[in-house]
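Participant: Please take these sequences and the hints and turn them into a complete structure.
If you're matching positions, the sequence shown starts at 1 in the numbering used here and goes up one per residue.
Please note: incorrect hints may appear among the correct ones.
Stated by the list, open to error - Simulated crosslink set (DSBU-like; lysine-lysine; CA at most 35 Å straight-line):
1. K102 with K114
2. K86 with K19
3. K111 with K125
4. K19 with K90
5. K102 with K39
6. K18 with K39
Derived by calculation from the structure, the hints in this document are not laboratory data.
Bear in mind the structure is a predicted one, so any value in this text is a computation, not a measurement.
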Amino acid sequence: MQRDNSSSYIEILKESLKKKISVLDQIAEQNRIQEELAKAADFDYDVFSKTLEAKEALIKQINALDAGFQSVFDRIKEALQQSEHKEEIKQLQVLVKEITDKSMDIMAQEKRNKEAILNRKDSLKKEVAMARSTNKAAANYYRTMSKMNVIDSQFIDKKK
1 MQRDNSSSYI EILKESLKKK ISVLDQIAEQ NRIQEELAKA ADFDYDVFSK TLEAKEALIK
61 QINALDAGFQ SVFDRIKEAL QQSEHKEEIK QLQVLVKEIT DKSMDIMAQE KRNKEAILNR
121 KDSLKKEVAM ARSTNKAAAN YYRTMSKMNV IDSQFIDKKK
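Facilitator: Right under this line is the structure:
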């Protein structure tokens with residue numbers, strides 16, 4: 001493969017990696033929003049749903065970028081092994097390391113968010129159970145009190 005041609009392909013690989021970094025940054029931002037939602041006093045399901053949809057679209061972009069990267073990489077794999085591309089390979093390695101670091105950070109964020117959401121779900125279940133218990137107790141109280149009105153007064157003298 002010619003030097004100009006392989007250099008063009010290497011530039012395409014770099015651009016692909018840079019776009020992937022940008023998409024990973026957007027995913028990290030969606031995770032940050034989810035973290036804030038999980039910690040908020042009132043959980044907004046609509047906003048949470050929108051973050052999930054946004055992340056799904058971003059993941060599709062990453063998959064497309066990965067497929068494109070792999071296809072270009074397969075074309076120039078042999079040319080990259082030549083010593084004339086050492087500097088460009090180092091640049092690619094730096095980008096790949098950055099992607100790996102961001103991916104690890106995102107995985108950690110996802111794990112924390114999952115735990116926070118599960119804790120939130122458990123606390124909501126307890127609140128619902130407490131509300132049901134309170135409603136049941138109130139209903140029993142009112143039922144009991146309504147039966148109390150039927151009881152004859154104890155202060156009336158029944159002697160004639």
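Participant: Are the hints correct? Go through all of them and say.
Facilitator: Hint by hint, here is what the structure shows:
A distance of roughly 18 Å separates the Cα atoms of K102 and K114; the hinted pair therefore holds under the 35 Å criterion. Restraint check for K86 and K19: satisfied, since their Cα atoms lie roughly 22 Å apart, inside the 35 Å limit. The suggested pairing of K111 with K125 holds, with an alpha-carbon distance near 21 Å, which does not exceed 35 Å. Taken as a hint, the K19 and K90 pair is honoured in the structure, with Cα atoms around 18 Å apart against an allowance of 35 Å.
The hinted pair formed by K102 and K39 meets the criterion: a straight-line CA distance of about 23 Å does not exceed 35 Å. Proximity of K18 to K39 is assessed by CA-CA distance (about 32 Å); at most 35 Å being required, the pair is judged to hold.
Against the hints set out earlier in the document, no violation occurs for any number.
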